[in-house]
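Given chain A's structure and the hints, the job is docking chain B onto it.
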Amino acid sequence: MRQAVHAEWTKLRTLPGTGWLLLGCIALTAALSATAAAAVTCQSASCGLDPARISLTGIYLGQAVVVTLAVLAMGGEHNTGMIRITLAAMPCRIKVLAAKAAVLSGLVLAAGTIAVLVSVMAGSLILPGHGFTPAHGYAPLSLTDGPVLRAAAGSVLYLALLALLSLGVAAIVRDSAVAIGVVLALLYVFPLLAFVVTDPDWQQRLQQIGPMTAGLAIQATIDLQNLPISPWGGLGVLAIWAAACLVFGGVLLRLRDA
Amino acid sequence: MTVGTTPYHSSLRRGHDGLMQLLHAEWTKFRTVRGWVIGTVSAGLVLVLVGLLASAGFHTGCPPEGCVTPPVGPDGEWVTDIFYFAYQPLDGDGSITVRVTSLTGLITYPPDHPNDIVPGVVPWAKAGVIIKESTRQGSPYAAVMVTGSHGVRMQYNYTHDTAGRSGGVSGASPRWLRLTRSSAVLTSYESADGSNWTRVGSAYLGGLPRTVLVGLFVASPWYIVSSPGLAGGTSSRLTQATANFDHVSLQGTAPGGGWTGHAIGVESGGPVLAQGGLMESEGRFTLSGTGDIAPAEGGGRRVEDTLRGTFAALIVVIVVATMFITAEYRRGMIRTTLTASPRRGRVLATKAIVIGAVTFMAGLVGAAVAIPLGEWILRADGNQILTVTSLTELRVVVGTAALLAVTAVLALAVGTVFRRSAAAVTALIVAMVLPYVLAVAAPLPEGVSEWLLRVTPAAAFAIQQSLPQYPQVITGNTPLYYYPIAPWAGFAVLCAYTAVALALAAYMIRRRDA
Numbered sequence: 007m008r009q010a011v012h013a014e015w016t017k018l019r020t021l022p023g024t025g026w027l028l029l030g031c032i033a034l035t036a037a038l039s040a041t042a043a044a045a046v047t048c049q050s051a052s053c054g055l056d057p058a059r060i061s062l063t064g065i066y067l068g069q070a071v072v073v074t075l076a077v078l079a080m081g082g083e084h085n086t087g088m089i090r091i092t093l094a095a096m097p098c099r100i101k102v103l104a105a106k107a108a109v110l111s112g113l114v115l116a117a118g119t120i121a122v123l124v125s126v127m128a129g130s131l132i133l134p135g136h137g138f139t140p141a142h143g144y145a146p147l148s149l150t151d152g153p154v155l156r157a158a159a160g161s162v163l164y165l166a167l168l169a170l171l172s173l174g175v176a177a178i179v180r181d182s183a184v185a186i187g188v189v190l191a192l193l194y195v196f197p198l199l200a201f202v203v204t205d206p207d208w209q210q211r212l213q214q215i216g217p218m219t220a221g222l223a224i225q226a227t228i229d230l231q232n233l234p235i236s237p238w239g240g241l242g243v244l245a246i247w248a249a250a251c252l253v254f255g256g257v258l259l260r261l262r263d264a
Numbered sequence: 115m116t117v118g119t120t121p122y123h124s125s126l127r128r129g130h131d132g133l134m135q136l137l138h139a140e141w142t143k144f145r146t147v148r149g150w151v152i153g154t155v156s157a158g159l160v161l162v163l164v165g166l167l168a169s170a171g172f173h174t175g176c177p178p179e180g181c182v183t184p185p186v187g188p189d190g191e192w193v194t195d196i197f198y199f200a201y202q203p204l205d206g207d208g209s210i211t212v213r214v215t216s217l218t219g220l221i222t223y224p225p226d227h228p229n230d231i232v233p234g235v236v237p238w239a240k241a242g243v244i245i246k247e248s249t250r251q252g253s254p255y256a257a258v259m260v261t262g263s264h265g266v267r268m269q270y271n272y273t274h275d276t277a278g279r280s281g282g283v284s285g286a287s288p289r290w291l292r293l294t295r296s297s298a299v300l301t302s303y304e305s306a307d308g309s310n311w312t313r314v315g316s317a318y319l320g321g322l323p324r325t326v327l328v329g330l331f332v333a334s335p336w337y338i339v340s341s342p343g344l345a346g347g348t349s350s351r352l353t354q355a356t357a358n359f360d361h362v363s364l365q366g367t368a369p370g371g372g373w374t375g376h377a378i379g380v381e382s383g384g385p386v387l388a389q390g391g392l393m394e395s396e397g398r399f400t401l402s403g404t405g406d407i408a409p410a411e412g413g414g415r416r417v418e419d420t421l422r423g424t425f426a427a428l429i430v431v432i433v434v435a436t437m438f439i440t441a442e443y444r445r446g447m448i449r450t451t452l453t454a455s456p457r458r459g460r461v462l463a464t465k466a467i468v469i470g471a472v473t474f475m476a477g478l479v480g481a482a483v484a485i486p487l488g489e490w491i492l493r494a495d496g497n498q499i500l501t502v503t504s505l506t507e508l509r510v511v512v513g514t515a516a517l518l519a520v521t522a523v524l525a526l527a528v529g530t531v532f533r534r535s536a537a538a539v540t541a542l543i544v545a546m547v548l549p550y551v552l553a554v555a556a557p558l559p560e561g562v563s564e565w566l567l568r569v570t571p572a573a574a575f576a577i578q579q580s581l582p583q584y585p586q587v588i589t590g591n592t593p594l595y596y597y598p599i600a601p602w603a604g605f606a607v608l609c610a611y612t613a614v615a616l617a618l619a620a621y622m623i624r625r626r627d628a
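Line by line, the protein sequences give chains A and B.
Throughout, our numbering is defined as the position within the first sequence, counted from one, plus 6.
Throughout, our numbering is defined as the position within the second sequence, counted from one, plus 114.
Hints were generated in silico from the structure; no laboratory data involved.
Backbone N, C-alpha and C define an ideal beta-carbon position, used for all residues, glycine too.
Errors might be hidden in some of the hints.
[To be verified] Quick partial rundown of chain A residues pointing at chain B, CB under 7 Å, derived from the structure:
hint	residue
1	Ala183
2	Val202
3	Phe254
[As the list claims (entries may be wrong)] Facing chain B, from chain A, some residues (calculated, C-beta under 7 Å):
hint	residue
4	Ala44
5	Ala45
6	Ile60
7	Ala70
8	Cys98
9	Pro146
10	Ala191
Chain A on its own, in the form it takes in the complex (with noise of 0.2 Å):
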């Protein structure tokens, strides 16, 4: 196993896009997080506003550059032909996919930490001053806080569960840009579809099912009671979501011909 995890160490770390796609996520991140937390004042302590969420705006963009990274991760091999090199190097195919699912981890986890510190102290230098002061009931943005330490460290959890998510279904449809476009779709369709039914059950059901609106539900450190479903239950749908998806890829990487 450790022969593999360095393999696939060594192929993502030389890829020229990898790098660039790290350092990408990050600064989309932190750029978009601290753009929402210039762009909202809290003018009462009744505006309803959660601090913790706006200084982590920048997931819903950095997500999909940690999405892209995943899918190449695995779909690039099949899209240039090198998968049968490591399969035939590495005839144990669950072994390469738990390695790859490893490396990843790994770098998502280092880079998501980065960028969710960054956007976290963004959002504290920039929020008191747009009112979200201890006048309108709100302490100063701080990890030590146990709302918002789940918060942050759930986000970063967020994008690593995204990651083997993505791995999973590039596993599954063998291409990028397809694997691309059926994760975006997932993450994206569903808070849309849930925005424009009216029917209250099936706007908590969609939101409950969705990876993204659940996820993100970790986010949440003010109106707990209100949220379609609990900060932590919210991760949990999301890691059954990457399970899912990683067991069926898995099972037909182990099935198909490369």
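The following block gives chain B in isolation, referenced to the frame of chain A:
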């Protein structure tokens, strides 16, 4: 001494690389790749199926006494016509003049006081004078009024709105209002002191009968609470407004007999507040009322509600159209293509024509199927569908197909520039769909998300908006109902992006080695 080389003579007829041959070649390429054909067909299918799924999620939930069709205004559109009316008949020409000295109100259970009824005036609370054909809901009218925070306005026949002097009304700064009728022309005036009058506007109401109703009115629309984000949504609270009038004078032939107080229509939502009423003492009138006189906004569903599958279909289209060029780079096929047709710009153009045309057809068929099926599901669930003209419906159907087709061309161009499908697909989906996700799910302020929906290619979805937005009606957070850009302007934004991307792609494909 020269060695002559024997010219190559093939027994085959010389090939041409004219536009028709190229179109034929590209069409053959598209037709024979199974994934692309399946992809394009499934884009149409996804448009229908996701649209039907969304349609099934609309349960408007009629009250126990059954669904009520809203009244229809003079121009054929659905209207809200609920207010408190104190009136007299007016025979022929005449005018009414009043002084408004206060406009106050109540808001039930606002978010910061969830268990109380608190004082407050909503921005479009209205009090003033009105001339109306009859007490029938939806009948023609013209009115001049003071509002909660939009100053003096003249409004007529539900959709028309003209601004007068701004500022609120109080005992210290009252507003005088006058409305005159001269056959079919109704003209309104306002004044701060009762002697210097300013004309606000006039309305031509053809078909107004000789005898009409003239009087005072008060209305107060729902207080709209919208909270962004995952737990968000829009909810509304019942409100009531109360206005004091004095110096009421009526010119013209009125049979007399005093003022009749009457609530026109009933606001659904339960008897939280007392019904409106009229109190009169020594020439001072106090009216309170609930409701609105405006185009109907809530309740009914729209044509575009059946086309919510467009987002999913768009993602499929982006993937297929990108691969239509990136697959050639990946397989090396592009070298064969460019050898056969050395005019590279023309190759790009024919590819754009083929992918645009097939996507347009898939979108057209998908939209034409999704609308009747979706409307059938909506009606079966007890929803009412706001009717639009067939020209508007045609614009929505053709616009949806064109939106998909132009996006396909944009994807082709971006794919040509990037030569890699992954980056192109991610960039396009983020540019076209993420702005809406941010608008409905992220905690971004409305101003930022509206700006995003104007400047990104996502603006093109505005082509699906079937009903215009009226500034005199507050609707809350509704990025998928009222787009912040006009339908064709939004489509033009996408076309502009596509033109730039195509120009860049044509430049790159000429300059770079394949």
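Outcome of the hint check:
Look at Ala183/A: its Cβ gets to within about 4 Å of chain B, closer than 7 Å, so that hint holds up. With a cut of 7 Å, the hint placing Val202/A at the interface with chain B holds, because the nearest CB-to-CB distance is about 5 Å. Evaluation of the Phe254/A hint against chain B yields a violated restraint, the C-beta minimum of about 20 Å exceeding 7 Å. Given the 7 Å rule on beta carbons, the hint for Ala44/A is violated: about 9 Å separates it from the nearest Cβ of chain B.
Hint status for Ala45/A relative to chain B: holds, with the closest Cβ pair at about 5 Å, below 7 Å. The closest approach between the C-beta of Ile60/A and any C-beta of chain B is roughly 5 Å, which is under the 7 Å cut-off, so the hint is satisfied. For the restraint placing Ala70/A at the interface with chain B, the shortest Cβ-Cβ distance is roughly 5 Å, inside the 7 Å limit, so the hint holds. Checking Cys98/A against chain B by beta carbon gives a least distance of about 27 Å; that is not within 7 Å, so the hint is violated.
Interface restraint check: Pro146/A against chain B, minimum CB-CB distance 18 Å, threshold 7 Å, status violated. Taking 7 Å as the C-beta contact cut-off toward chain B, the hint placing Ala191/A at the interface holds, the least distance being around 5 Å.
In summary, the numbered hints that this structure violates are 3, 4, 8 and 9.
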